[in-house]
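**Q** Read off the chains here:
2 protein chains.
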Amino acid sequence: MVTIKDVANMAGVSVATVSRVINETGYVHADTRKKVESAVQQLNFKPNEVARSLYKRKSRLIGLLLPDITNPYFPQLARGVEDRMQENDFRLIFGNSDENKQKEMDYIQTFIQNNVVGVISSTNYPDTDTYLKLKIPVVFLDRTLGDSPSVYSDGREGGRLAAQEMLARGSKRITIMQGPAHIRPAQDRFQGAIEVLEESGLPYHIIRTSSFSFHDAESSAKELFHKYAGTDGIIASNDIAATAVLHEALRLGLKVPDEVQIIGFDDIPLSRLLSPSLSTIRQPSYEMGREAANLLIQLIEQTNVANKNIQFPVQFVERDTTRKVD
Amino acid sequence: MVTIKDVANMAGVSVATVSRVINETGYVHADTRKKVESAVQQLNFKPNEVARSLYKRKSRLIGLLLPDITNPYFPQLARGVEDRMQENDFRLIFGNSDENKQKEMDYIQTFIQNNVVGVISSTNYPDTDTYLKLKIPVVFLDRTLGDSPSVYSDGREGGRLAAQEMLARGSKRITIMQGPAHIRPAQDRFQGAIEVLEESGLPYHIIRTSSFSFHDAESSAKELFHKYAGTDGIIASNDIAATAVLHEALRLGLKVPDEVQIIGFDDIPLSRLLSPSLSTIRQPSYEMGREAANLLIQLIEQTNVANKNIQFPVQFVERDTTRKVD
DNA sequence: CCTCTTTGTGTAACCGGTTACATGTATACG
DNA sequence: CGTATACATGTAACCGGTTACACAAAGAGG
Numbered sequence: 001m002v003t004i005k006d007v008a009n010m011a012g013v014s015v016a017t018v019s020r021v022i023n024e025t026g027y028v029h030a031d032t033r034k035k036v037e038s039a040v041q042q043l044n045f046k047p048n049e050v051a052r053s054l055y056k057r058k059s060r061l062i063g064l065l066l067p068d069i070t071n072p073y074f075p076q077l078a079r080g081v082e083d084r085m086q087e088n089d090f091r092l093i094f095g096n097s098d099e100n101k102q103k104e105m106d107y108i109q110t111f112i113q114n115n116v117v118g119v120i121s122s123t124n125y126p127d128t129d130t131y132l133k134l135k136i137p138v139v140f141l142d143r144t145l146g147d148s149p150s151v152y153s154d155g156r157e158g159g160r161l162a163a164q165e166m167l168a169r170g171s172k173r174i175t176i177m178q179g180p181a182h183i184r185p186a187q188d189r190f191q192g193a194i195e196v197l198e199e200s201g202l203p204y205h206i207i208r209t210s211s212f213s214f215h216d217a218e219s220s221a222k223e224l225f226h227k228y229a230g231t232d233g234i235i236a237s238n239d240i241a242a243t244a245v246l247h248e249a250l251r252l253g254l255k256v257p258d259e260v261q262i263i264g265f266d267d268i269p270l271s272r273l274l275s276p277s278l279s280t281i282r283q284p285s286y287e288m289g290r291e292a293a294n295l296l297i298q299l300i301e302q303t304n305v306a307n308k309n310i311q312f313p314v315q316f317v318e319r320d321t322t323r324k325v326d
Numbered sequence: 001m002v003t004i005k006d007v008a009n010m011a012g013v014s015v016a017t018v019s020r021v022i023n024e025t026g027y028v029h030a031d032t033r034k035k036v037e038s039a040v041q042q043l044n045f046k047p048n049e050v051a052r053s054l055y056k057r058k059s060r061l062i063g064l065l066l067p068d069i070t071n072p073y074f075p076q077l078a079r080g081v082e083d084r085m086q087e088n089d090f091r092l093i094f095g096n097s098d099e100n101k102q103k104e105m106d107y108i109q110t111f112i113q114n115n116v117v118g119v120i121s122s123t124n125y126p127d128t129d130t131y132l133k134l135k136i137p138v139v140f141l142d143r144t145l146g147d148s149p150s151v152y153s154d155g156r157e158g159g160r161l162a163a164q165e166m167l168a169r170g171s172k173r174i175t176i177m178q179g180p181a182h183i184r185p186a187q188d189r190f191q192g193a194i195e196v197l198e199e200s201g202l203p204y205h206i207i208r209t210s211s212f213s214f215h216d217a218e219s220s221a222k223e224l225f226h227k228y229a230g231t232d233g234i235i236a237s238n239d240i241a242a243t244a245v246l247h248e249a250l251r252l253g254l255k256v257p258d259e260v261q262i263i264g265f266d267d268i269p270l271s272r273l274l275s276p277s278l279s280t281i282r283q284p285s286y287e288m289g290r291e292a293a294n295l296l297i298q299l300i301e302q303t304n305v306a307n308k309n310i311q312f313p314v315q316f317v318e319r320d321t322t323r324k325v326d
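Sequence order for the protein chains is V and P. With the UniProt record's numbering, the residue at position 304 of the first sequence is 304, and numbering never jumps. With the UniProt record's numbering, the residue at position 69 of the second sequence is 69, and numbering never jumps.
Treat the hints with care, as some may be off.
What the hints assert, rightly or not - Below, simulated DSSO-like cross-link-like pairs (lysine-lysine); rule was C-alpha separation at most 30 Å, straight line: (1) P:K103 x V:K34; (2) P:K58 x V:K46; (3) V:K103 x P:K35; (4) V:K103 x V:K135; (5) P:K35 x V:K133; (6) V:K255 x V:K56; (7) V:K135 x P:K58; (8) P:K35 x V:K135.
Honestly, the hints are just simulated from the structure, not real lab data. This one's a predicted model, so the numbers in the text were calculated from it and none came from an experiment.
With the hints as extra help, turn the sequences into a complete structure.
**A** In structure tokens:
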């Protein structure tokens with residue numbers, strides 16, 4: 001491995017001078033700089049980030065914690081984060097938490113041990129000691145807590161929108177799927193939908209789902225049509241759940257959207273590819289990822305941050321699991 | 001930050017002794033160990049990985065390089081890698097290469113600067129100097145090069161399978177989509193399909209596609225039906241392409257699978273959710289990710305590795321874009 | 001021409017661990 | 001009982017950078 005010492009030797013200067021050149025700090029004579037740069041070139045010297053990190057007590061690493069990259073909602077988020085971080089030469093240590101507190105805490109722990117300078121986390125436990133005691137900036141992605149820095153979308157409004165569109169399109173016996181209890185955004189959108197349905201005075205049903213896996217979604221969908229056979233509109237907890245519902249509806253020979261309308265949440269890439277394509281409430285996940293990264297960078301670089309809680313608007317995407325109105 | 005020195009002070013021993021306790025090396029008196037362990041507990045001491053890494057010149061970090069996590073084929077792979085690495089307390093530095101050589105080299109560079117102990121890469125450029133000169137083990141995932149460690153599936157056999165199933169199901173005017181030229185596995189499966197069709201003596205057509213993005217796949221699909229309107233069987237370069245083809249076929253009012261059969265490649269989660277669900281050649285991507293991680297761990301830990309080139313079998317998954325035979 | 005400031009460079013401490021080596025004590029064995 | 005060996009622990013060098021500080025030379029100002 002080529003070290004700063006090798007460069008110093010070749011250039012005939014001390015390591016301090018080499019350090020000054022590569023970091024552009026302090027005074028260095030133009031001629032000296034030339035010699036050093038030439039040596040750096042010839043030896044193809046790249047400073048060891050670990051040594052740097054040890055002395056400075058900070059690295060160029062960021063911890064990114066997501067529930068499960070295998071859930072189609074998250075790759076977009078991750079990609080947004082990565083792209084933005086890349087622009088500022090930060091690297092990501094990445095982990096899947098499976099919504100599991102212990103796994104999450106373990107990850108945070110090793111992030112710290114590796115001197116990461118910031119964390120982006122899509123956690124259900126933002127108010128855990130581990131987070132509260134962290135001495136480095138954290139951005140909560142897709143989750144919020146007080147005025148801790150966070151990037152999320154307007155779940156409640158999304159739920160409201162879904163219910164409104166459902167009503168506007170004539171469903172009368174709506175069923176709302178309530179996502180996992182410990183996942184905040186799932187509850188927000190659920191509340192939003194409930195609000196609108198309460199205001200409408202129409203009857204409605206609720207189905208609880210325990211996770212966002214496709215497998216669980218399938219059983220919930222079965223349960224739903226079994227329990228509430230007459231339902232004519234389903235507000236799903238997300239697009240995965242909506243997909244399962246759509247499948248079950250088609251399997252039962254129900255006409256979508258004529259007999260049952262379905263609205264999902266997220267707008268994952270899959271949604272437009274289904275047949276019929278899925279109407280849904282869109283969250284701009286790539287942009288959210290980028291923005292979370294952006295916010296974290298600002299926090300790290302101490303530039304005074306105007307807005308530490310960034311809420312993205314959601315939007316109804318009309319496709320083919322809802323009827324047309326005009 | 002709690003350092004080893006703090007622990008040493010509290011326990012009334014030297015840092016060397018603390019180090020011996022936490023690493024379980026050398027001799028330590030049982031009583032001393034007790035005192036140290038108690039101090040470690042009370043102070044909640046976690047050794048700084050950066051300091052460790054600097055001295056040992058190796059970390060517990062692994063570099064993972066994938067083309068694009070947003071492509072639904074890769075999350076499974078990534079998850080497999082992560083799960084296996086997690087079991088052995090390795091962490092991942094993750095990057096998207098976008099099949100871009102420069103970006104890839106930059107990533108490898110910073111991996112090295114961070115003392116990663118191994119790399120898993122799904123690269124198109126395995127024979128670049130950057131890889132050849134690496135002093136740490138590399139496992140090529142979904143790609144091969146000579147007898148460099150690699151984990152991949154039998155693309156050629158997959159192509160053959162697709163063509164055989166297509167023929168067995170009665171398609172006579174088959175079109176094969178040739179994936180991006182620089183992506184090896186895409187070419188392998190293409191070759192496999194060509195072989196079988198050549199053997200069959202039936203005429204066939206070829207459509208070239210430039211990338212695996214859905215957008216490009218859509219234009220290729222349009223071009224395909226425009227140029228070869230009479231085609232009655234399409235062997236797509238992957239499931240994304242197959243999805244685009246399926247959509248275009250339905251849009252044109254073609255009956256799938258009666259008038260056109262479609263076979264994809266990969267078996268991404270989306271495939272079974274389409275309507276009609278997509279028949280495809282399955283690669284066990286999660287297992288491949290796990291196995292790549294497993295192989296890399298063996299390589300890192302120097303246990304003598306029996307087989308450094310692990311080929312996974314592929315398998316035809318019969319769904320609804322192909323006709324039934326019996 | 002003398003003093004003050006700016007420029008330029010090197011020496012060595014430091015970051016937080018690991019480990020080679022020295023040293024001392026306890027135990028084993030002839 | 002003397003010596004070889006196992007056990008126990010501390011001191012200090014080391015990993016590869018960064019930077020405080022010391023010092024010298026050059027330029028500026030009166």
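**Q** Now, for every hint given, state plainly whether the structure supports it.
**A** Structure-based check of each hint:
1. P:K103 x V:K34: holds (28 Å)
2. P:K58 x V:K46: holds (16 Å)
3. V:K103 x P:K35: Since the Cα atoms of K103 of chain V and K35 of chain P sit roughly 29 Å apart, the hinted pair holds (cutoff 30 Å).
4. V:K103 x V:K135: holds (20 Å)
5. P:K35 x V:K133: Holds. K35 of chain P to K133 of chain V sits at ~27 Å (cutoff 30 Å).
6. V:K255 x V:K56: Distance ~63 Å between K255 of chain V and K56 of chain V Cα, so the pair is violated.
7. V:K135 x P:K58: With Cα atoms ~26 Å apart, K135 of chain V and K58 of chain P stay inside 30 Å; holds.
8. P:K35 x V:K135: holds (29 Å)
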